[in-house]
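Taken in sequence, the protein lines are chains A and B. For the first sequence, my numbering gives the first residue as 4, with consecutive numbering after it. For the second sequence, my numbering gives the first residue as 91, with consecutive numbering after it.
These are calculated hints, taken from the structure and not from any lab test. Beta carbons are placed, not taken as given, at the ideal position from N, Cα and C, and that holds for glycine. Don't take every hint at face value.
What the hints assert, rightly or not - Partner residues aside, some chain A positions facing chain B, computed with beta carbon under 10 Å:
no.: 1; residue: Glu35
no.: 2; residue: Gln41
no.: 3; residue: Arg46
no.: 4; residue: Glu94
no.: 5; residue: Asn100
no.: 6; residue: Ile103
no.: 7; residue: Phe104
Said to hold, decoys possible - Derived Cβ-Cβ restraints for the label pairs, each shown as a range:
no.: 8; chain 1: B; residue 1: Pro129; chain 2: A; residue 2: Ala20; range: 28 to 38 Å
no.: 9; chain 1: B; residue 1: Gly93; chain 2: A; residue 2: Glu83; range: 18 to 28 Å
no.: 10; chain 1: A; residue 1: Arg6; chain 2: B; residue 2: Arg118; range: 25 to 35 Å
no.: 11; chain 1: A; residue 1: Glu57; chain 2: B; residue 2: Glu104; range: 40 to 50 Å
no.: 12; chain 1: B; residue 1: Leu173; chain 2: A; residue 2: Arg6; range: 23 to 33 Å
no.: 13; chain 1: B; residue 1: Ser170; chain 2: A; residue 2: Gly19; range: 48 to 58 Å
no.: 14; chain 1: A; residue 1: Pro78; chain 2: B; residue 2: Lys112; range: 35 to 45 Å
no.: 15; chain 1: A; residue 1: Arg6; chain 2: B; residue 2: Ser160; range: 29 to 39 Å
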Amino acid sequence: AQRVTQPEKLLSVFKGAPVELKCNYSYSGSPELFWYVQYSRQRLQLLLRHISRESIKGFTADLNKGETSFHLKKPFAQEEDSAMYYCALTESGGATNKLIFGTGTLLAVQP
Amino acid sequence: AAGVIQSPRHLIKEKRETATLKCYPIPRHDTVYWYQQGPGQDPQFLISFYEKMQSDKGSIPDRFSAQQFSDYHSELNMSSLELGDSALYFCASSLGRNQPQHFGDGTRLSIL
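Whole structure, please, built from the sequences with the hints as guidance.
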């Protein structure tokens with residue numbers, strides 16, 4: 004079954020500390036992985052997609068097919084990074100690309 | 091840049107009433123998706139449309155229906171509302187079926 008697992012409901016770090024938000028997935032085909040961010044009372048925003056291999060707001064994520072992981076990392080957390088982060092997958096090149104979301108990790112960056 | 095527009099932003103209904111949620115995609119986007127996010131839950135896919143045809147169906151109750159119109163906007167019709175339907179309903183749009191989805195602000199539906 005298609006599933007996205009984010010093991011941490013809450014991750015609290017101090018400003019300037021490194022951040023790693025974990026995401027593991029199970030999917031039988033060829034998935035496309037995303038990270039979405041939801042700031043307080045705002046819409047879901049696309050942060051990263053694995054095929055872009057880019058860095059947004061200092062965040063990076065590498066798809067590890069061997070470990071079926073797509074962890075989100077940032078070397079130095081900022082207070083404005085505090086938000087809910089959702090890992091999601093969709094079927095790459097398929098007839099449908101509904102997003103399957105993980106349960107989300109709330110990142111709290113303390114001053 | 092223009093974003094996905096959803097209306098209304100907030101809606102309060104009573105049990106057994108009906109509700110219609112509207113979604114206006116980003117201009118030129120031809121694909122629309124609906125998601126339901128219950129309190130403290132992750133977004134769950136409901137239904138999607140591509141070029142005005144239903145393209146995929148998720149965990150959408152039979153009491154709900156949706157369609158995409160000629161101008162690509164979409165409406166989610168909900169009948170016989172139940173307390174459990176209280177949630178944030180997101181619409182997303184994309185240019186084509188295999189492109190990133192851009193979300194609206196959502197409609198917060200509260201059932202009393």
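Verification of the hints:
Taking 10 Å as the C-beta contact cut-off toward chain B, the hint placing Glu35 of chain A at the interface holds, the least distance being around 8 Å. The restraint placing Gln41 of chain A at the interface with chain B holds, with a minimum CB-CB distance near 9 Å, inside the 10 Å limit. With its C-beta approaching chain B no nearer than about 5 Å, Arg46 of chain A sits inside the 10 Å limit, and its interface hint holds. At a threshold of 10 Å, the smallest CB-CB gap from Glu94 of chain A to chain B is about 9 Å, leaving the interface hint in force.
The criterion of a C-beta within 10 Å of any C-beta in chain B is met by Asn100 of chain A, whose closest approach is roughly 5 Å, and the hint holds. Nearest Cβ of chain B to the Cβ of Ile103 of chain A: about 7 Å, under the 10 Å cut. The hint holds. Taking 10 Å as the C-beta contact cut-off toward chain B, the hint placing Phe104 of chain A at the interface holds, the least distance being around 4 Å. Between Pro129 of chain B and Ala20 of chain A the C-beta distance comes to about 30 Å, which sits within the given range of 28 to 38 Å.
One distance hint, 18 to 28 Å for the beta-carbon pair Gly93 of chain B and Glu83 of chain A, holds here, with the actual separation near 20 Å. Between Arg6 of chain A and Arg118 of chain B the CB atoms are about 33 Å apart, so this pair conforms to the stated range of 25 to 35 Å. Separation of Glu57 of chain A from Glu104 of chain B is about 47 Å and conforms to the stated range, judged on CB atoms against 40 to 50 Å. Taking the beta carbon of each, Leu173 of chain B and Arg6 of chain A are about 28 Å apart, inside 23 to 33 Å as hinted.
Look at Ser170 of chain B against Gly19 of chain A: about 52 Å separates their beta carbons, and that is inside 48 to 58 Å. At about 42 Å, the CB distance of Pro78 of chain A to Lys112 of chain B agrees with the hint of 35 to 45 Å. Between Arg6 of chain A and Ser160 of chain B the beta carbon distance is about 37 Å. The supplied range of 29 to 39 Å therefore holds.
When held up to the earlier numbered hints, the structure conflicts with none and fits them all.
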